Each structure stands twice: as C-alpha cells, then as structure tokens.
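S.K.: Here are the chains, one letter per residue:
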Amino acid sequence: MHACDRLLLTGDEAVAQAALDGGVALGAGYPGTPSTEILEHFDTLGGRAQWAPNEKVALEVAIGAAFAGARALATMKHVGLNVAADPFFTAAYTGVTGGLVIVSADDPGMASSQNEQDNRRYAVAAGVPMLEPSDSQECYELTLAGLEISERWRIPVLLRLTTRVCHSKTVVRRRRVERPTSAPRFERDVQGRVMVPAFARPAHRRLREKLAGIEAWNEPSDLNPIREGGDALGIVTSGVSYVHACEAAPDARILKLTMTHPLPIGRIRAFAQSVKRCVVIEEGDPYLADAIRAAGIGVESAPSMYRFGELDVNRVRRILAGDITPEPVPPRGKPPSLCKACPHHGVFKVLSKLGCITAGDIGCYTLGVLPPYEAMDTCVCMGAALGVGLGLRHVLPEAEARRVVSVIGDSTFVHSGITGLVEMAYNPPPTGHVVLILDNATTAMTGLQEHPGTGRKLDHTPTARLAFEDLARAIGIANFHVVDPATEDARLEELLVEALGRDELTLIVARRPCVLAAGKIKQYERAASTPTGPAACEDGNNESGGQE
Amino acid sequence: MSDPAAMDVEVVTNVVFAGLGGQGVLKASDILADVAFASGLDVKKSELHGMSQRGGSVTSDVRFGHEVFSPMVPVGEAHYLVVLAESEVDTSRHYLRPDGVLIAPEWIDAQRLTNPRSHNVALLGALSLALPFTTDTWYAALEANLPERLHAVNREAFDIGRSDVR
Ligand SMILES: Cc1ncc(C[n+]2csc(CCOP(=O)(O)OP(=O)(O)O)c2C)c(N)n1
Ligand code: SF4
Numbered sequence: 001m002h003a004c005d006r007l008l009l010t011g012d013e014a015v016a017q018a019a020l021d022g023g024v025a026l027g028a029g030y031p032g033t034p035s036t037e038i039l040e041h042f043d044t045l046g047g048r049a050q051w052a053p054n055e056k057v058a059l060e061v062a063i064g065a066a067f068a069g070a071r072a073l074a075t076m077k078h079v080g081l082n083v084a085a086d087p088f089f090t091a092a093y094t095g096v097t098g099g100l101v102i103v104s105a106d107d108p109g110m111a112s113s114q115n116e117q118d119n120r121r122y123a124v125a126a127g128v129p130m131l132e133p134s135d136s137q138e139c140y141e142l143t144l145a146g147l148e149i150s151e152r153w154r155i156p157v158l159l160r161l162t163t164r165v166c167h168s169k170t171v172v173r174r175r176r177v178e179r180p181t182s183a184p185r186f187e188r189d190v191q192g193r194v195m196v197p198a199f200a201r202p203a204h205r206r207l208r209e210k211l212a213g214i215e216a217w218n219e220p221s222d223l224n225p226i227r228e229g230g231d232a233l234g235i236v237t238s239g240v241s242y243v244h245a246c247e248a249a250p251d252a253r254i255l256k257l258t259m260t261h262p263l264p265i266g267r268i269r270a271f272a273q274s275v276k277r278c279v280v281i282e283e284g285d286p287y288l289a290d291a292i293r294a295a296g297i298g299v300e301s302a303p304s305m306y307r308f309g310e311l312d313v314n315r316v317r318r319i320l321a322g323d324i325t326p327e328p329v330p331p332r333g334k335p336p337s338l339c340k341a342c343p344h345h346g347v348f349k350v351l352s353k354l355g356c357i358t359a360g361d362i363g364c365y366t367l368g369v370l371p372p373y374e375a376m377d378t379c380v381c382m383g384a385a386l387g388v389g390l391g392l393r394h395v396l397p398e399a400e401a402r403r404v405v406s407v408i409g410d411s412t413f414v415h416s417g418i419t420g421l422v423e424m425a426y427n428p429p430p431t432g433h434v435v436l437i438l439d440n441a442t443t444a445m446t447g448l449q450e451h452p453g454t455g456r457k458l459d460h461t462p463t464a465r466l467a468f469e470d471l472a473r474a475i476g477i478a479n480f481h482v483v484d485p486a487t488e489d490a491r492l493e494e495l496l497v498e499a500l501g502r503d504e505l506t507l508i509v510a511r512r513p514c515v516l517a518a519g520k521i522k523q524y525e526r527a528a529s530t531p532t533g534p535a536a537c538e539d540g541n542n543e544s545g546g547q548e
Numbered sequence: 001m002s003d004p005a006a007m008d009v010e011v012v013t014n015v016v017f018a019g020l021g022g023q024g025v026l027k028a029s030d031i032l033a034d035v036a037f038a039s040g041l042d043v044k045k046s047e048l049h050g051m052s053q054r055g056g057s058v059t060s061d062v063r064f065g066h067e068v069f070s071p072m073v074p075v076g077e078a079h080y081l082v083v084l085a086e087s088e089v090d091t092s093r094h095y096l097r098p099d100g101v102l103i104a105p106e107w108i109d110a111q112r113l114t115n116p117r118s119h120n121v122a123l124l125g126a127l128s129l130a131l132p133f134t135t136d137t138w139y140a141a142l143e144a145n146l147p148e149r150l151h152a153v154n155r156e157a158f159d160i161g162r163s164d165v166r
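Residue numbers (the numbering used here), protein chains in the order written: chain X, 1 to 548; chain Y, 1 to 166.
These are calculated hints, taken from the structure and not from any lab test. Just so you know, these numbers come straight off a predicted model, no measurement behind them. No false leads were slipped in.
For lysine to aspartate or glutamate, the following DMTMM-like pairs were computed, each having C-alpha atoms within a straight-line distance of at most 20 Å:
(1) X:Lys334 / Y:Glu86
(2) X:Lys520 / Y:Glu148
(3) X:Lys334 / Y:Asp90
Bound-form chain X, shown alone (with noise of 0.2 Å):
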C-alpha cells in the first residue's frame, strides 16, 4: 500500500477501505439505505462481507468475532439499530476484545426511509462511544480510530453517518496502518460475558467507569479540533453540518466534535467563552444543544423549524441570521414508480379490484400505495404486515376482517416476517388470514442484494436456500400457493378470493423475478455451474439499482 494513495470515495466506499486497512475480520450487516454499499464494497476490495437475515442477527455475529479477539464491523441503516438494539445495549456491558465498530447510517431529510430518528441518542442510551464523521477522509480515518479506542476500552464503537456523509465522494488520501498482530483465539471470560444479573451489576458499573476514561481521554484529544476565527462567532457543531458552516460563516471560530459521546463538555465550555456569540449548528434533534445546555453552557441553537429534514449552506445561514420566515419550497420532481414490467403489478392490480384491506410492507412493493393501484393500507416497519394485518383481523368486524391480507417482500419476510407467521399459526384469527409475500428473488429496494430465499451470499455465490414452503409447513400453516404474478393474475385472483372465503390460513407467494435482476441471477446461475468463479455484473451508461 502507498502511503499517499489519492483515492475519490463516497462516505460508505472510505469505511470499507479503513476496514480493510485496518484489517477487519469479517463485516456483517443487512442493506440499508444510506449503509448498503460499505459491505458491498468492503466485498469487492476482498474482504469478507456477508448479509445476514437482519440487522440483529448481524450485529451478533459481528459481536461473536469481536469477543474471539478479531476486528469487527457491523452495518445498518438508522433504523437497523432499532432492530438490533438489544445486543447493541448489552453489549456496551459485555465489551469485546477485538476492536467492534457499528455503523448507523441515519436518514435527515428521509431520502429514502419511513422516519428520521436521530441514532445519536443510542449512544447516549446504550454507553458507547459515538464519532462523527463530516466527509469520506474521517470515515477513513474515524473507522480505524472507531477499531482502536474501541480495543482500548474494550467497548464498542457508534459510527455515526448520514446519508450526506455516506453519498458524497470527497478525497481520501490513505495511510500506514497498524493492524493488530495477535490471532482470533477464545480467551474464557464467564463474569464478563454471561450477563446474568450477578455479573450484569459490576458490568454496569464497569461500563459507567470505561465511559468516565472514555471522557477524561477525549477532552484534550485532537478528534475536537478548533477552526480559528474571529471571536464575534462562535459555532459549535458536528458531522456534515461542519462543513456547511465553514462555508456559511468562513470568518467564524468553529468547534468541531467528532466524538460526540462522551462530549468533551470542558473544551465546549472554553471554546463558548472564548468568543461573543456561541451557536450550535446540528442536524436533526437538539442533541449537542440539549447536552450543552443542560451542563450550564449559554449557547443559541437553531429554531425548531430547522430540526426537520436535512440542513445546507442556505439553511446555516438562516439559522445563524436568526430567519425564521417561510423557506422557499423546491419545485416538486417527479415521484418514483413501478417499473413497467415489474412483477409487483400483477399483485396490485387484482389486490385493488378485490378491494382488500392492505396491511403492507416496506420495499419496492410499498409504491402500490400510489394511483392506479392505492392499494396498500399499512406500512410501519419492516415486518409489521403480519402482526398489523392480524391485529386487524382480530378486531375488526367479520365482514371487513375477511378483505384483510398482509403483503411482504421476500427480503422482508425473512428480515422480520417469520416470526409474524408463527404468530398467525399460534394466534389464528377467527376468519383465519391470508399472507401473499412478494418473491422478486432480490432485495429490490436497496439495490438487488441477495438474502437468505435467493440462495446466494453478498457476493452472489451459491450457498443454502430458505425455502418458503417448507418454512410454511414446519410453521402449520393449512394452505399453500405458488402463482406467477406476470403471467397467472387470473389464478391469483382466484386463489385470492377462495382464501378470503375461508376461515383458514393461506400462504400465497407471488413468485417473478424483479426484471432489473433477472438477467443478472442468470449470470449467476451460469457463473455458479462454471469452476472460475463469479462474473461481476455490468452497468451501462445509468446506474441500476434502487434505494431504501
């Protein structure tokens, strides 16, 4: 590796570039928009990458190789953490031994995701520490501090993007890195890895004494450098917010934190009174605002009006002229559709004619909810069209609960709609209900990955196939189908109507390729019967994928 290497990298390509420089082990995640491609390209630069069924699941298994004494990586979208929260809490408890970095990539703005929580509060709320990043050089460079404080507390490290940071390509130079030299080898540790409540005590107690080290040990780091400026203003600030304010004030003195749990409240307090008028310019929540404050520290934040969707140039400069008068509303784009062959509309045109009660799901399928079809009734979170759809049935009036079906994306279901199919056989409603998962064969929404139904890995090589039926078997459920949505909607129909009529359980799966993946599961396929391996695919003159 040169020293000097100038590489242009997005936000997610610099995280992966670290992680292999910094000799991670094995990185595990589940797609997400912002955070899909770190793994894919942690893949491609030869490291080892795998999706794993959801984002909880990822996270232990990134645990596992972290208490085995090897660097780990684990990669989400924000809310990702939601669905892995409970390892990510005890785990703060636990600690590891090999450095263990998590990446919540969060949405401002919802480009592509049902909310916009701001994860920075789960560092607060698990202990961990959080860092930063405000372009693709501190991904680099923030990943690999991420591996190393994270060994020297033995604690896991937040990575906190946005989907500005992930997205954007800046210049990255690389460095030496220093990997850990001392193989992966399981080291016995029952008191500091078997949470029961006897050892979860001192593990709390630990915990709350590694994050007091943690503090001492950031207040006068460098991760919290000075941008010097005149003393008029003052502006105290973090991530990608940093470098719209270097542009919207280029005469103000600029605090920015890149360890942003625990705050370096000191250095915050001497820079507040180092100049006249001290701002904090944050995306999302008030956190910094809230924290600072609450320490003692007099400092003006932005109007609440500025907390909503993602902050720019246009809108630092608002915020620090105090301007609170109506922002300019952009001209609307145009929405995104189905694509014109997409195998969704076969299900969406006989589910709109039936005039079925639709508890839906999130993927490509959610954009049945717009005309012609209108036919999607529910969407929550990944998963809920089970559970939702059942509550439905449970309560509604017998002649309502009979139009009510679940629908659910193939990565989906197996993301977090299993369990919701146990529940539907433990639980069964009076008029029994109908599931119909959407089998494209893909990961549409997020850019074509694999799961565990297409019977490939991340990189696109044959492995075990989850197969529906005989999940659906194993679970009791009494009714089986499978239709081709492209080709069999009259069937389907039918189908459709029998179940509703019945007071049974059906499981019906639509099953067609997304014609964005078709040809590329053929290359596969022919790659997977040939001994060289698989062949990357090829994009064209436009990029082929989705987002979500």
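Following the hints, put chain Y with the ligands in place on chain X, whose structure we already have.
M.R.: Positioned in the frame of chain X, the structure of chain Y with the ligands alone reads:
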C-alpha cells in the same frame, strides 16, 4: 459560454446534473468528478437519488476547486446546470446562479447518437467546452466509468457534444 481560461480554481465551480432515474445522471456526475480529481483539484460530489431507478427525479452535484466545503451546491449558486430530461428543467432551474449556464437536453441532436443512452455523455461533451480540463482526461474518465464495450460509442457521443453546441 464562458472562456475556459477565465476559470479560477481558487473559486469553487458548481455543476448540478438533473434528470430522471435510469438516464445516467449519477454516471455523468461521477465522470465529471473523476476528471476534476485527476486534474489534481479538490472535489466533492453529492447526490439525491431517493428511489432513482424507478423513474423519479434525480439530481447530482459536483463541486471542484482549491478547497471545497459542503458537498451540496447551494440553491442559486450553480455555474452550470446540465439537464437530461425536458421535464426536469423547471424542477431544477432554481439551482442556477443568475448568470449560470443551462445545458439543456435538446442541445444534443439525438439523431446523431449511435446509442441514445449516451445522451448523458454527449451533454458532458458540451459542458467540457466550458471547463479547463484536457480531452485526454475526459476520455480517461469515460473509460474508467464505463464497461469496455461502451467506450467507442461514448467517445463518439462526447465528441458530438463538443461539436454540436449552439
Ligand atoms: C430495519 C430496516 N432495515 C432495512 C431497511 C431498508 N429496506 C427497506 S425495504 C427493504 C427490503 C426490500 O426487499 P423486499 O422485501 O424483497 O422487497 P422488494 O424491494 O424486492 O420489492 C430494505 C432492506 C428498513 N427500512 N428497515
Ligand atoms: S426494481 Fe424490480 S421490484 Fe423494484 S419496481 Fe423495478 S422491477 Fe419492480
């Protein structure tokens, strides 16, 4: 168009690309970002592609110069706006500075393109006349960003863009 020699690298140049999913907005911006990068400048490229593949609006920003801060072109500060779809002119015009240049889809005579999908690259050819980069740097970036079977057709489209400008 402005004189390329007049370009001052101390000042950040802002280019916004706009179009619909599948038209190659992101590819075009990647190519420009590579060209500026290979020329030794600081570069930032940012995009909003909510659900781009499914035909929705897509924009992508490229900024280059001596030192670039925000990766996003502020509204009203684009020097060049390159639009790939007629329908997106009105939805993206607000990015342009009052004296900014709109490079509109109809600048390229589609009839002259061997492959209509290389419209994005033809528009880059038109843009290239205004920027201080060598054609060799452009050709190298085209090749780095496109599969080999498309190299010839895109070089041709780029040259048409360079010559076809009104
Ligand atoms: C907890 C969580 N993780 C990840 C995502 C991102 N995401 C949204 S839908 C989806 C899967 C879509 O695949 P599938 O269900 O197969 O439907 P398709 O898009 O292929 O129609 C993913 C990964 C999310 N919204 N929530
Ligand atoms: S990407 Fe695939 S699943 Fe998504 S709308 Fe297009 S064809 Fe349908």
